[in-house]
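> As given, the protein sequences belong to chains A and B, one line each in that order. Start counting the first sequence at 1; every next residue gets the next number (my numbering). Start counting the second sequence at 1; every next residue gets the next number (my numbering).
If you are wondering where the hints come from, they were derived from the structure by calculation, not from laboratory data. Any given hint could be a false lead.
To be verified - Taking lysine-lysine and the DSS-like style, the derived pairs with C-alpha atoms no more than 27 Å apart in a straight line are:
| # | chain 1 | residue 1 | chain 2 | residue 2 |
| --- | --- | --- | --- | --- |
| 1 | A | Lys148 | A | Lys188 |
| 2 | B | Lys22 | A | Lys141 |
| 3 | B | Lys187 | B | Lys148 |
| 4 | B | Lys11 | A | Lys90 |
| 5 | B | Lys148 | A | Lys148 |
| 6 | A | Lys14 | B | Lys14 |
| 7 | A | Lys68 | B | Lys17 |
| 8 | B | Lys64 | A | Lys148 |
| 9 | B | Lys22 | B | Lys68 |
| 10 | A | Lys105 | B | Lys141 |
| 11 | B | Lys141 | A | Lys90 |
| 12 | A | Lys68 | B | Lys68 |
| 13 | B | Lys90 | A | Lys11 |
| 14 | A | Lys141 | B | Lys64 |
| 15 | A | Lys64 | B | Lys105 |
| 16 | B | Lys148 | B | Lys90 |
| 17 | B | Lys22 | B | Lys110 |
| 18 | A | Lys14 | B | Lys68 |
| 19 | B | Lys148 | A | Lys68 |
| 20 | B | Lys90 | B | Lys187 |
| 21 | B | Lys141 | A | Lys34 |
| 22 | A | Lys64 | B | Lys141 |
| 23 | B | Lys35 | B | Lys105 |
| 24 | B | Lys68 | B | Lys105 |
| 25 | A | Lys141 | B | Lys105 |
| 26 | B | Lys68 | A | Lys141 |
| 27 | A | Lys11 | B | Lys34 |
| 28 | A | Lys148 | B | Lys141 |
| 29 | A | Lys141 | B | Lys14 |
2 protein chains.
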Amino acid sequence: MVNSFFDHLNKYIKIDKHDFEKIISYFQVLDVSKKEVLMEAGSLCNYNFMVLNGCLHMYYINDKGTEKTIQFALENWWITDQLAYHHHRKTEFFIQAIEPGQVVKISREKEDQLLSDFPILEGYFRHIYQIAYGASIMRTKYLFDNSKEEMFLSFSEQFPEFVQRVPQYQLASYLGLTPEYVSEIRKKRRS
Amino acid sequence: MVNSFFDHLNKYIKIDKHDFEKIISYFQVLDVSKKEVLMEAGSLCNYNFMVLNGCLHMYYINDKGTEKTIQFALENWWITDQLAYHHHRKTEFFIQAIEPGQVVKISREKEDQLLSDFPILEGYFRHIYQIAYGASIMRTKYLFDNSKEEMFLSFSEQFPEFVQRVPQYQLASYLGLTPEYVSEIRKKRRS
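Could you put the whole structure together from the sequences, leaning on the hints where they help?
Below, the structure is given as structure tokens:
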């Protein structure tokens, strides 16, 4: 399964099998079960996660006790509270598995060491964060600009895999909608 | 003024004056006047901008003809449509100066060349994008979670410089509020 990580890295930079064997030793490979919690609000954010297979989500619990999904991660997506991770701070977010799967995780200290030993990976992470940042800006545009129905339809068209794999209430939360609203739109589309 | 760029780079990586002279030659340094447009919707997004002094904003014009600010950039902040820039695509956004100032810009081709000639800069951009991505996630959390008034107050506390420097209607747009609403909150706070 870590072979998919090797292929993914080689989309952005050139790494041979020999170096990859060394690189992967900085990571832990975890089997995660459905609903397993990998990071908890209130704890130091010391890990960065990448999905080998399965699906994670990052969420917080608001003042009303409602779970709000802020980010999803499917295969080859990185997920953590990047600001807290960068600044060695506590996080306000949880990370939880939506599906059973496999994940790699790396601690902040190991990542610093990895980037110092393999500076070629700086380029890989630069690409990853640039794309993630760009996508996050576009998401804000969607949140500002579309009616609720448009947002759901446009999201469904762009990311059909999500709509199939992610529970309706989490998808609704991610899009800033109520689960009832998403259910209503889905019914309307089927009819 | 480019000295501030040298100091800024040295917060993240080690660059000496000699290398900096070479690095800066990949950029254009521009004097911008208030309201000057640096990028237009519909054009190829081929430039990445950093503010030396002054303030830029990135916005789009929605279906109703309203200008919506999606991003600001003060001193040492990078700004462009990162997804379009990364993928060599046309952009839906404008970039405009809010204040007169100085900006560096680099084309996508020059940036590729720069990163290949000075791979140490990959680490700098990795930091920059990681922080920007993290901040963007936190912004989404604010947009989801706060009442309009809380959002404005919390933003004012965290970024007092913005509230002083940025026109009220652009700040309102950035926070997803109406200018009338921001004006009302400001009056309430003064009374």
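> Taking the hints in turn, state whether each one holds.
Quick rundown of the hints versus the structure:
About 14 Å separates the Cα atoms of A/Lys148 and A/Lys188, which keeps this hinted pair within 27 Å; it holds. For the suggested pair B/Lys22 and A/Lys141, the alpha carbons sit about 37 Å apart, so the restraint of at most 27 Å is broken. Between B/Lys187 and B/Lys148 the CA atoms are separated by roughly 15 Å; this keeps the pair inside 27 Å, and the hint holds. Note on B/Lys11 and A/Lys90: the hinted pairing holds, with a Cα-Cα distance of about 23 Å set against a maximum of 27 Å.
A C-alpha spacing of about 19 Å is found between B/Lys148 and A/Lys148, which places the hinted pair at or below 27 Å, so the restraint holds. Among the hinted pairs, A/Lys14 with B/Lys14 is consistent with the structure: their alpha-carbon atoms are about 25 Å apart, no more than 27 Å. A C-alpha spacing of about 47 Å is found between A/Lys68 and B/Lys17, which places the hinted pair above 27 Å, so the restraint is violated. The suggested pairing of B/Lys64 with A/Lys148 holds, with an alpha-carbon distance near 17 Å, which does not exceed 27 Å.
Of the pairs offered as hints, the one joining B/Lys22 and B/Lys68 is violated, with about 38 Å between alpha carbons and a cut-off of 27 Å exceeded. Between A/Lys105 and B/Lys141 the CA atoms are separated by roughly 24 Å; this keeps the pair inside 27 Å, and the hint holds. Among the hinted pairs, B/Lys141 with A/Lys90 is consistent with the structure: their alpha-carbon atoms are about 16 Å apart, no more than 27 Å. Pair hint A/Lys68 plus B/Lys68 holds up; C-alpha atoms about 25 Å apart against a cutoff of 27 Å.
With a CA separation close to 23 Å, the supplied pair B/Lys90 and A/Lys11 stays within the 27 Å bound. About 15 Å separates the Cα atoms of A/Lys141 and B/Lys64, which keeps this hinted pair within 27 Å; it holds. Straight-line distance between C-alpha atoms of A/Lys64 and B/Lys105 comes to about 45 Å, which puts the hinted pair past the 27 Å bound. Between B/Lys148 and B/Lys90 the CA atoms are separated by roughly 33 Å; this puts the pair beyond 27 Å, and the hint is violated.
Under the criterion of a C-alpha separation no larger than 27 Å, the hint pairing B/Lys22 with B/Lys110 is consistent with the structure, at around 13 Å. Between A/Lys14 and B/Lys68, the direct Cα distance comes to roughly 40 Å. Violation of the 27 Å bound is thereby established for this hinted pair. Between the alpha carbons of B/Lys148 and A/Lys68 the distance comes to roughly 18 Å, so the proposed pair stays at or under 27 Å and holds. Distance restraint check for B/Lys90 and B/Lys187: the Cα-Cα separation of roughly 41 Å exceeds the 27 Å cut-off, and the hinted pair is therefore not satisfied.
With a C-alpha separation of about 25 Å, the suggested pair B/Lys141 and A/Lys34 falls inside the 27 Å cut-off, and the hint holds. A C-alpha spacing of about 15 Å is found between A/Lys64 and B/Lys141, which places the hinted pair at or below 27 Å, so the restraint holds. Only pairs whose Cα atoms come within 27 Å are accepted, and B/Lys35 paired with B/Lys105 is accepted, the gap being roughly 17 Å. For the hint pairing B/Lys68 with B/Lys105, the CA-to-CA distance comes to about 23 Å; that is within 27 Å, so the pair holds.
Restraint check: the Cα-Cα separation between A/Lys141 and B/Lys105 comes to about 24 Å, which is no more than 27 Å; the hinted pair holds. Under the criterion of a C-alpha separation no larger than 27 Å, the hint pairing B/Lys68 with A/Lys141 is consistent with the structure, at around 9 Å. Proximity of A/Lys11 to B/Lys34 is assessed by CA-CA distance (about 41 Å); at most 27 Å being required, the pair is judged violated. Simply put, A/Lys148 and B/Lys141 have alpha-carbon atoms about 18 Å apart, close enough for the 27 Å limit, and the pair holds.
Among the hinted pairs, A/Lys141 with B/Lys14 is inconsistent with the structure: their alpha-carbon atoms are about 36 Å apart, more than 27 Å.
When each numbered hint is compared with the structure, violations occur for hints 2, 7, 9, 15, 16, 18, 20, 27 and 29.
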